[in-house]
Amino acid sequence: ILNVEQSPQSLHVQEGDSTNFTCSFPSSNFYALHWYRWETAKSPEALFVMTLNGDEKKKGRISATLNTKEGYSYLYIKGSQPEDSATYLCAPNGDSWGKFQFGAGTQVVVTP
Amino acid sequence: NAGVMQNPRHLVRRRGQEARLRCSPMKGHSHVYWYRQLPEEGLKFMVYLQKENIIDESGMPKERFSAEFPKEGPSILRIQQVVRGDSAAYFCASSTGTGASYEQYFGPGTRLTVT
Numbered sequence: 026i027l028n029v030e031q032s033p034q035s036l037h038v039q040e041g042d043s044t045n046f047t048c049s050f051p052s053s054n055f056y057a058l059h060w061y062r063w064e065t066a067k068s069p070e071a072l073f074v075m076t077l078n079g080d081e082k083k084k085g086r087i088s089a090t091l092n093t094k095e096g097y098s099y100l101y102i103k104g105s106q107p108e109d110s111a112t113y114l115c116a117p118n119g120d121s122w123g124k125f126q127f128g129a130g131t132q133v134v135v136t137p
Numbered sequence: 875n876a877g878v879m880q881n882p883r884h885l886v887r888r889r890g891q892e893a894r895l896r897c898s899p900m901k902g903h904s905h906v907y908w909y910r911q912l913p914e915e916g917l918k919f920m921v922y923l924q925k926e927n928i929i930d931e932s933g934m935p936k937e938r939f940s941a942e943f944p945k946e947g948p949s950i951l952r953i954q955q956v957v958r959g960d961s962a963a964y965f966c967a968s969s970t971g972t973g974a975s976y977e978q979y980f981g982p983g984t985r986l987t988v989t
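The listed protein sequences derive, respectively, from chains A and B.
For our numbering, count along the first sequence from 1 and bump the result up by 25.
For our numbering, count along the second sequence from 1 and bump the result up by 874.
A hint or two may mislead.
What the hints assert, rightly or not - Simulated DEER-style distance windows between Cβ atoms:
1. Q39(A) x H884(B): 34 to 40 Å
2. R889(B) x R86(A): 43 to 49 Å
3. P51(A) x K901(B): 35 to 41 Å
4. R896(B) x P33(A): 33 to 39 Å
5. P913(B) x G41(A): 32 to 38 Å
6. P882(B) x T76(A): 32 to 38 Å
7. R938(B) x E95(A): 40 to 46 Å
What the hints contain is simulated information worked out from the structure, not anything from laboratory work.
In this text, a Cβ means the ideal position worked out from N, Cα and C, and glycines have one as well.
Assemble the whole structure, with the sequences as input and the hints as a guide.
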């Protein structure tokens, strides 16, 4: 079982500002890391899957980086918009199959 | 292509009754995962199934909980003799294959309330 930590727990951001937050995990037994975005009353939605040290992924204004040697991933939101308000979950995999160990999430609230 | 379907979306049961939660994976997906979100907690893995097989049930409570994924039809998570502590949101996810990098697609969840 991986000990997954996400920080901060919550974040209030002004519209237009950029922000970032962290997912930390044990660096041993790493196979992949998934980021999900979860809006209230909806299903978690896959954002990125990352497997290699140094991976960088981007989708629109959201991007993520991965450091498997030190055991962390950053997720960045550039020019935050109210529709970015959601809880962002990370799920590193310590198994070769898809047993996700979700972090508690970072709740992002973007205010106009 | 319809997404992962779960029903019912809301379920109310009295203590001691049985709860049956259904999950239809996305078309072409033969791998199903169940997660539970207790109040004020994150998503916790419960069980991983392929057609007619339970692959990993390490997150399932030892008693009263069971899961199946028959050859035909949806996956079922069954909770017998429910207690108040079973009140939670239960999410199902599916994927096309097994492997750490396969994306899991989530359903909308079933919110179980035990009175």
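Structure-based check of all given hints:
{"no.": "1", "hint": "Q39(A) x H884(B): 34 to 40 Å", "verdict": "36 Å, holds"}
{"no.": "2", "hint": "R889(B) x R86(A): 43 to 49 Å", "verdict": "47 Å, holds"}
{"no.": "3", "hint": "P51(A) x K901(B): 35 to 41 Å", "verdict": "36 Å, holds"}
{"no.": "4", "hint": "R896(B) x P33(A): 33 to 39 Å", "verdict": "37 Å, holds"}
{"no.": "5", "hint": "P913(B) x G41(A): 32 to 38 Å", "verdict": "34 Å, holds"}
{"no.": "6", "hint": "P882(B) x T76(A): 32 to 38 Å", "verdict": "37 Å, holds"}
{"no.": "7", "hint": "R938(B) x E95(A): 40 to 46 Å", "verdict": "42 Å, holds"}
Consistency with the previously given hints is maintained throughout, with no hint failing.
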